[in-house]
Amino acid sequence: MLTRKLWRTMWQYRAQFISMVIMIALGVGVFVGFNMEWYSIEKNIDYAFTQTGFADYRLVNKAGFSLDDYNQIVGIDGVEKAARYLSVNTAVKDSSNVITLTVTTNPEVSGFMVINGNTYNPDSTNGIWLSDQYAERNHLHVGDDYTLVYQTIEITGKIEGLIKSGECLIYIPDESQVMPDFKTSGFAYVSPVMLKNALGYEYYPQINVISNLDKKEFSEKANAVLGKTTLLLTKDETISYSEAMGESNEGKTMGAILPVLFLAIAILTMITTMHRITTNEKTQIGTLKALGFKDCTIKLHYTSYALMIGLMGSLLGIGIGYGLAYYIMNPHGAMGTYFDMPQWNLYMPCFGWVVLLLINAVLVFVGYLSVRKMLRGTPCEVLRPYVPTKIKNLKIEKTKLWNRFSFGTKWNLRDIFRHKSRSLMTLFGVLGCVLLTVASFGMKDTMDAFIDVFYNQAINYENAINIAETTTNDQALAICDLYQGDWAAKSSVQVNDKTLSVEVYYVEHNYVRFVDSHLKFIELSDDGVLICQRIADDNHLCVGDEITFSPYGINQSYTATIVGINNSMSESIVMTPAYANRIGYNYKINTIYTKAKDIAQDSVIASTLSKTSILKSFDTFMDVMNKMIYLLVIAAVLLGLIVLYNLGVMSYVERYRELATLKVVGFKDKQIGKILISQNLWLTVLGIIVGIPVGVGVLNILIKALASEYEMVLVLGPVTFIVGIVATLGVSLLVSFLISRKNRKIDMVEALKGVE
Amino acid sequence: MNIVELKNVSKVYQSGEHEVKALNDVNLEIEQGKFVVILGPSGAGKSTLLNLLGGLDSPSSGTIIVDGKDIATYSADELAEYRADKVGFVFQFYNLVPTLTVYENVALIKEIAPDALDAKELLNKVGLADHYNKFPVQLSGGEQQRVSIARALAKNPEVILCDEPTGALDSETGVMILKLLLSMARDYNKTIIIVTHNQNIAKMADVVVKVKNGQIVSVDEQKKPLTVDEVDW
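Chains as they are written, first to last, in the working numbering: chain A, 1 to 756; chain B, 1 to 233.
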């Protein structure tokens with residue numbers, strides 16, 4: 001029989017029941033979704049990396065490694081496998097597309113998986129194994145002929161297979177591009193034989209290594225066998241690995257912060273709701289007890305109510321979570337534009353199930369505590385209706401101000417303090433709503449400002465020309481003159497065991513500009529270097545300090561004075577040619593920036609990249625981000641609506657008798673409605689006042705946690721605040737309106753009968 | 001002069017599938033300044049009568065003329081104004097606002113009735129001068145009922161409606177409350193209508209209206225009503 005009562009109770013409090021289920025579902029959904037996301041990323045990239053032999057270390061020498069060098073490295077104790085490796089950008093004949101031509105001498109290291117077509121043949125003289133994504137977007141098929149142009153050398157072959165590669169898991173042909181764009185660029189593998197035939201000689205500027213040795217140990221051993229210090233890149237310094245880990249960390253952050261917010265509000269609301277239901281049913285609880293039901297039976301009855309909420313919320317939440325994870329993690333979803341993975345399975349981390357169990361345990365415990373409180377005492381005591389906490393005089397009542405308040409204000413103030421938990425919950429609901437809207441729109445503002453300043457404005461050129469490795473500075477300068485450009489010389493250096501980039505810029509035309517932490521442009525100086533924010537933070541450096549760096553391949557180090565700190569995506573030290581000369585640093589020009597639109601083919605030019613294509617690569621990225629922001633804002637508004645409605649109904653029911661009395665005495669519906677709305681409004685305004693700074697704080701943490709590698713500057717437009725405030729106020733007013741409409745239905749006669 | 005006139009008033013409640021006739025074609029006239037007791041067993045329709053007079057509910061048919069106006073046709077807002085201006089209520093369970101102090105409970109009337117009487121003066125009269133700043137839960141039942149009498153009078157209404165005003169009190173306190181109610185009504189020249197099933201209260205009334213099965217059985221004027229002290233409680 002009690003089970004039947006359980007269903008009826010559920011039906012009776014359906015508004016609370018449904019809203020609690022939705023709240024928990026939202027919290028669980030966000031929790032499951034983001035945690036599945038990062039865990040699936042890690043599992044799936046791990047699969048891609050092991051299947052294609054993703055390398056742990058990359059030794060880099062622009063002059064190339066010989067077979068002898070390779071044998072020395074393979075011979076190192078602790079090196080499992082190695083391969084000589086080349087990865088170079090080539091042009092597609094009669095097209096502006098870029099193909100990264102890749103060759104590995106050992107297909108088990110930095111190799112690929114054939115998705116479609118023939119398996120790899122290391123002796124093939126004309127086989128091209130092409131990225132399947134690129135092939136699909138450019139309508140290429142197995143068996144088609146394809147011609148690539150490297151400098152002036154044409155390399156023609158037949159597409160043998162369509163592939164995916166761990167090395168190109170996140171395929172970005174050039175550092176200045178942010179997102180993969182398989183319409184305009186892709187990668188292809190050819191055999192070492194074919195490469196040698198095309199070039200006429202062997203050229204492998206990298207040795208890729210799979211090894212369990214740590215970086216220091218491997219570096220020492222490699223330098224010893226090669227007889228010189230060589231640039232060593234770990235997998236953390238590759239885009240595919242570090243960006244994938246970055247995505248995973250974003251998922252971890254989101255999966256940790258957002259669910260806490262949602263679930264905290266859900267559990268707190270649960271406490272108020274369960275308390276409210278058990279107090280409302282106190283007489284019934286007493287009746288059951290008086291009839292001879294054991295305490296534990298009654299407890300079981302009400303805790304199973306809480307359990308029902310928990311279970312249904314969790315089930316629905318797991319569904320939402322799967323949906324969310326799938327939305328982000330599918331080949332055509334948000335991550336699909338980023339990762340090129342052979343496998344897109346969804347995995348749930350084990351601790352996720354544990355947390356879900358815990359959440360349900362907490363909910364049941366909340367139910368248990370509320371009913372236990374009501375059951376205390378003899379049946380006779382329990383039968384008496386619940387008396388809310390005694391009203392105390394507030395401190396403010398002693399001031400003169402108090403007498404000036406209208407009675408409605410006094411009533412509301414006392415009510416807020418009398419039902420502290422309900423008021424606090426309302427405050428939390430509003431706070432969560434403001435926080436989420438401000439943080440998500442703020443994220444958009446920040447990204448928009450970032451792209452506008454760092455790309456639209458700081459990039460002042462039409463084309464960036466990459467100069468071939470083998471070119472001299474004079475040849476490069478000739479090209480620079482030809483296109484009336486600015487130039488840069490970028491190379492890797494070591495600072496305190498970390499690989500950074502030293503960039504010498506000659507910016508007569510200001511084609512490239514530098515941005516500080518206030519999003520203002522700063523000029524280069526001939527008296528010292530600019531370092532980026534991350535270097536400054538990591539090494540505790542500030543303006544006026546000195547920084548020492550040492551280039552690879554030579555045993556010499558340079559010390560430079562820091563004259564400024566800039567925000568930059570590349571972790572770099574920036575200087576003028578004049579300053580480079582002053583400290584005696586030798587540079588090699590490798591990029592030319594020009595306003596010219598058409599760049600003729602030249603043996604000195606390796607590739608070009610236009611500003612339009614850089615900006616275009618943001619489109620998908622922004623698209624994905626906008627979708628996420630809208631999802632978050634919808635969640636925020638939903639959260640606000642549910643919490644406020646639930647509490648509004650509760651407040652209404654708790655004050656039903658008082659409202660009825662007011663009505664009897666002669667207050668009009670509108671006057672009563674106004675009192676109800678004004679209480680809600682105060683709490684909303686308070687919530688907004690607290691919520692905005694908290695939202696900004698959370699956004700700050702998010703930006704630091706999610707995008708430190710972009711060195712973004714927090715920007716919040718007035719529209720964000722306005723939208724955040726208006727949306728929250730709107731939600732609150734809508735709820736107040738819905739609730740205050742109910743007071744028309746107050747049955748004065750009925751309400752006056754009961755005992756207070 | 002008649003302050004209240006009921007003509008052919010019926011009230012039908014829809015309770016599930018059957019109709020319940022709470023009042024059936026009731027006619028009643030009440031003169032101003034009289035002390036009227038409506039007597040009847042529970043379920044007779046006396047509370048319905050009081051609710052209709054108080055503008056808490058509207059009749060299914062008939063006219064209710066109070067102070068020259070037919071309130072049967074009033075809208076919800078007009079009824080609210082009527083309740084604010086013309087009638088004061090005293091309930092069995094006091095119905096004070098628990099989050100307002102004694103003083104505030106009476107003073108709140110000022111917000112809806114501009115010519116409300118002074119709350120402090122009224123509270124002094126009902127003998128609660130020392131309890132202004134207490135909350136209702138801190139008072140005894142009798143004291144709470146005094147507050148509600150003060151609140152009913154604060155509007156300076158034509159009619160005071162009381163629904164079993166002594167029902168929740170012990171007899172001693174009940175007598176005190178009745179005394180107060182009557183003396184206040186006399187002082188301010190109010191019409192008092194009390195609904196009760198207590199025969200003793202009826203002995204004090206100017207007019208006794210007996211209600212049974214939704215109809216008025218008798219209306220008796222008592223030429224010499226007893227005083228509170230004369231009644232054998």
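Rather than coming from a laboratory, the hints here were simulated on the basis of the structure. The model shown is predicted, which means the values in this text are computed figures rather than measured ones. Each residue gets a CB set at the ideal place from its N, CA and C atoms; glycine is no exception. It cannot be assumed that every hint is accurate.
Said to hold, decoys possible - Residues from chain A that keep clear of chain B, each with C-beta distances beyond 12 Å, as calculated:
{"hint": "1", "residue": "13"}
{"hint": "2", "residue": "403"}
{"hint": "3", "residue": "413"}
{"hint": "4", "residue": "655"}
To be verified - Each pair of labels, with its calculated beta carbon distance range:
{"hint": "5", "chain 1": "B", "residue 1": "130", "chain 2": "A", "residue 2": "18", "range": "46 to 56 Å"}
{"hint": "6", "chain 1": "B", "residue 1": "16", "chain 2": "A", "residue 2": "290", "range": "53 to 63 Å"}
{"hint": "7", "chain 1": "B", "residue 1": "16", "chain 2": "A", "residue 2": "670", "range": "26 to 36 Å"}
Each hint tested on the structure:
| no. | hint | verdict |
| --- | --- | --- |
| 1 | 13 | 23 Å, holds |
| 2 | 403 | 10 Å, violated |
| 3 | 413 | 9 Å, violated |
| 4 | 655 | 9 Å, violated |
| 5 | B:130 - A:18: 46 to 56 Å | 50 Å, holds |
| 6 | B:16 - A:290: 53 to 63 Å | 28 Å, violated |
| 7 | B:16 - A:670: 26 to 36 Å | 33 Å, holds |
Of the numbered hints stated above, those contradicted by the structure are hints 2, 3, 4, 6, listed in ascending order.
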